[in-house]
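A.B. asks: Keeping their order, the protein sequence lines are chains G and B.
The C-terminal residue of the first sequence carries number 179 in our numbering, and the numbering is unbroken.
The C-terminal residue of the second sequence carries number 641 in our numbering, and the numbering is unbroken.
Hints in this document: simulated from the structure, not taken from any laboratory.
Be aware that a few hints might be false.
Listed below are the simulated DSS-like cross-link pairs for lysine-lysine, each with C-alpha atoms no more than 30 Å apart in a straight line [as the list claims (entries may be wrong)]:
#, chain 1, residue 1, chain 2, residue 2
1, B, Lys220, G, Lys158
2, G, Lys109, B, Lys636
3, G, Lys156, B, Lys431
4, G, Lys111, B, Lys209
5, B, Lys433, G, Lys79
6, B, Lys267, G, Lys109
7, G, Lys158, B, Lys636
8, B, Lys220, B, Lys433
9, B, Lys539, B, Lys483
10, B, Lys234, G, Lys155
11, G, Lys79, B, Lys539
12, B, Lys215, B, Lys192
13, B, Lys600, B, Lys636
14, B, Lys431, B, Lys267
15, B, Lys483, G, Lys156
16, G, Lys66, G, Lys79
17, B, Lys192, G, Lys79
18, G, Lys109, B, Lys433
19, G, Lys79, B, Lys472
20, G, Lys79, G, Lys156
21, G, Lys111, B, Lys263
In this text, all values refer to a predicted model and were calculated from it rather than measured experimentally.
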Amino acid sequence: MPEKQENLQNSTNTSRRSFFNKLWIFLGFVAFAEFISVVGAFLLPRKRRIKTSNFGPIIEAGPVEKFPLDSVTAFIRGKFYLSRLEDGGFLALSRKCTHLGCTIPWISKEKNFACPCHSSAFDIRGEVISPPAPRALDIYHVFIENNIIKVDTGKKIKRTEFRSGQVTYPKKKNDRITG
Amino acid sequence: MKPQKRQSSGISKCFHRIFQSIFPDPLIPKSEQERKRYLLKNLILHFRPATVPEKTLKFSLTWGLGGMAASLIILQFGTGLLLKFVYKPIPVAAYTSIQVLQNEVMFGQLIRNIHHWCANFLVLIVFLHMLRVFFTGAFHPPRQFNWIVGLGLFGLVLTANFTGYLLPYDQLAYWAVTVSTGVLEYIPGIGVLLQEMVRGGSDIGPATLSIFFAIHTAMVPFGLIILMSFHFWRTRKAGGLVIPRAPQEEIKEKPIRVPTLPNLLVREIVTAIVLLAFILVFAMVFNAPLESKANPGLSPNPTKAPWYFSGIQEMLMHFHPFFSLFIIPILMMIALLCLPYIDYESNTSGVWFGSFKGRKMALVAAITATIATPAGILADEYMIDLAAWMQGVPPSISNGLIPFMIILVGIIGFYVLIKRKYSATNNEAIQTLFVLFLVSFIILTVTGVWFRGIGMKFVLPF
């Protein structure tokens with residue numbers, strides 16, 4: 001029976017058949033795309049929830065006077081260094097090397113950050129003094145409230161090089177800075 | 180008495196019936212015909228062909244490398260399954276569970292040692308197997324696609340090694356994985372997303388460990404079983420291995436074939452047993468390394484990538500990361516994938532190094548690389564500082580594009596020169612280039628492993 005019909009209505013039948021074939025192939029692609037997108041969405045990194053611990057993203061570093069000029073203080077909990085420049089300005093530097101993410105120690109004797117992994121070096125401002133690191137250390141926003149230094153570790157700011165606008169200065173009332 | 184006797188004979192008949200159902204054929208084949216049938220009827224041996232070309236049994240064709248790789252993978256499955264009973268894949272417990280394994284579990288240290296050393300030997304042996312296949316021209320038709328499958332297997336072995344590297348969660352593991360996944364950031368566009376996907380967050384942590392554990396203990400073994408079966412099946416469909424021949428010999432249409440049992444099987448078993456004995460002794464003498472517990476606040480000095488990545492790490496010391504970690508590895512991978520599909524002038528399958536001229540040119544390339552690569556490394560270390568000479572130019576150009584182009588021009592120059600000088604065929608010229616890259620890569624790896632000390636400064640290993 002079907003064979004006979006095929007012979008009789010050959011042209012309409014083949015066009016219908018090819019249409020259905022194309023439809024099946026199309027549906028197959030749709031199913032495949034769905035499969036891939038489900039797997040992809042499953043594996044995508046999730047958005048991090050805001051930490052609800054006692055230590056929020058804002059860390060109080062301490063009063064301005066606590067930090068001598070031209071010095072670097074490590075904050076282990078916040079994973080950053082607070083460096084005070086010679087002119088009294090503050091910078092909060094990420095402790096992650098911009099090359100491949102090793103933790104960099106501050107070498108106080110040589111006045112630089114030296115990465116143990118691939119010997120990149122950064123100065124007190126986080127500026128690259130020795131490659132292979134391609135850009136300056138990431139920074140966090142520093143603000144001063146009632147003479148207390150606070151660092152917002154919630155958001156990392158990427159930068160290519162040091163610019164004076166990145167530095168936070170305390171108000172001029174501190175006599176140690178005027179000189 | 181009589182009923183008792185009947186009963187016992189009933190039981191033995193029952194056992195006989197059960198035995199017959201499991202092993203319907205004689206356990207030890209007696210005739211040639213039975214042997215061939217035996218291979219087909221036995222599930223494990225069903226993987227093997229009934230007969231193999233006689234000449235491919237020669238040890239100096241394969242060096243037993245493919246068989247060794249397969250044996251090591253089986254050994255990894257076995258030891259890995261055992262380790263899974265003790266290991267805990269969460270950061271707070273992982274390191275302690277390794278200590279428990281080594282100190283309290285009977286033979287725990289030995290099993291871990293075997294698993295560790297096997298994994299390292301596996302990378303080496305799979306790599307040597309690849310070289311053997313290349314240099315005997317075993318990637319020519321009809322084996323082209325099996326080269327690709329083999330590359331996939333190599334990729335899986337590297338993935339297994341790399342994901343396994345993190346699991347002990349000691350300082351070595353933590354920082355090697357930090358550095359190696361730090362690489363992904365330099366892939367343009369999707370790099371950061373890819374890195375977060377692999378790490379399960381912005382840093383190495385609990386998510387990373389569970390992702391690596393899943394890849395190491397489920398995805399890789401599954402992939403290995405599938406790809407290995409495919410690899411063996413393609414080898415059989417190609418009529419067995421390439422048949423070794425002298426450069427001037429023609430390819431024989433109908434080679435003499437001999438039964439697999441016992442000719443091939445006995446050889447395979449002997450290779451596997453000798454290898455197993457070697458691994459056992461090695462694992463008894465040398466312990467797998469375990470450093471102090473991972474500390475995200477302290478990078479040890481020096482922090483090195485695993486040795487199989489140390490060639491790439493060494494390139495990192497000389498090029499901008501975008502080139503050393505992205506452009507160059509991608510180009511190498513594409514070159515390896517395209518290798519069997521280049522339009523070759525002749526089918527050199529079975530001839531070591533293709534021809535007499537091919538051997539001579541390979542030697543020239545090897546010597547060139549042995550001189551040029553260390554010279555380049557030393558020059559860059561002590562004399563050349565492109566970034567400092569070109570102030571104001573972004574480092575991706577001064578330290579990336581410019582040295583890359585210089586080396587590219589050098590390689591193209593070498594290729595054109597040697598092809599013209601020896602009036603070589605495509606086969607020989609491409610093999611020469613392959614040797615040049617191979618020897619350079621080996622030298623880079625050796626430099627990274629033995630000649631880099633504290634602060635990744637250049638040191639002598641002795």
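A.B. asks: Taking the hints in turn, state whether each one holds.
C.D. replies: So, going through the hints one by one against the coordinates:
1. Between Lys220/B and Lys158/G, the direct Cα distance comes to roughly 65 Å. Violation of the 30 Å bound is thereby established for this hinted pair.
2. For a cut-off of 30 Å, the pair hint linking Lys109/G to Lys636/B stands: about 19 Å separates their Cα positions.
3. Between the alpha carbons of Lys156/G and Lys431/B the distance comes to roughly 67 Å, so the proposed pair goes past 30 Å and is violated.
4. Proximity of Lys111/G to Lys209/B is assessed by CA-CA distance (about 82 Å); at most 30 Å being required, the pair is judged violated.
5. Pair hint Lys433/B plus Lys79/G does not hold up; C-alpha atoms about 70 Å apart against a cutoff of 30 Å.
6. Taking the CA atoms of Lys267/B and Lys109/G, the gap is about 42 Å. The hint is violated against a cut of 30 Å.
7. Between Lys158/G and Lys636/B, the direct Cα distance comes to roughly 28 Å. Compliance with the 30 Å bound is thereby established for this hinted pair.
8. Between the alpha carbons of Lys220/B and Lys433/B the distance comes to roughly 26 Å, so the proposed pair stays at or under 30 Å and holds.
9. Proposed proximity of Lys539/B and Lys483/B is contradicted: the alpha carbons are some 37 Å apart, above 30 Å.
10. Between Lys234/B and Lys155/G the CA atoms are separated by roughly 67 Å; this puts the pair beyond 30 Å, and the hint is violated.
11. A threshold of 30 Å between alpha carbons decides the hint, and for Lys79/G with Lys539/B the separation of about 57 Å lies outside it, so the pair is violated.
12. This hinted pair checks out: Lys215/B and Lys192/B have alpha carbons roughly 29 Å apart, not beyond 30 Å.
13. Taking the CA atoms of Lys600/B and Lys636/B, the gap is about 40 Å. The hint is violated against a cut of 30 Å.
14. As the CA atoms of Lys431/B and Lys267/B are separated by approximately 56 Å, the hinted pair breaks the 30 Å bound.
15. A C-alpha spacing of about 27 Å is found between Lys483/B and Lys156/G, which places the hinted pair at or below 30 Å, so the restraint holds.
16. Of the pairs offered as hints, the one joining Lys66/G and Lys79/G holds, with about 19 Å between alpha carbons and a cut-off of 30 Å not exceeded.
17. For the given pair, Lys192/B sits about 76 Å from Lys79/G by alpha-carbon distance, which is inconsistent with the 30 Å threshold.
18. Between the alpha carbons of Lys109/G and Lys433/B the distance comes to roughly 77 Å, so the proposed pair goes past 30 Å and is violated.
19. With a CA separation close to 19 Å, the supplied pair Lys79/G and Lys472/B stays within the 30 Å bound.
20. Between Lys79/G and Lys156/G, the direct Cα distance comes to roughly 11 Å. Compliance with the 30 Å bound is thereby established for this hinted pair.
21. For the hint linking Lys111/G to Lys263/B, the alpha-carbon distance of about 47 Å lies beyond 30 Å, and the restraint is violated.
The structure fails to meet hints 1, 3, 4, 5, 6, 9, 10, 11, 13, 14, 17, 18 and 21 from the earlier list, while all remaining hints are met.
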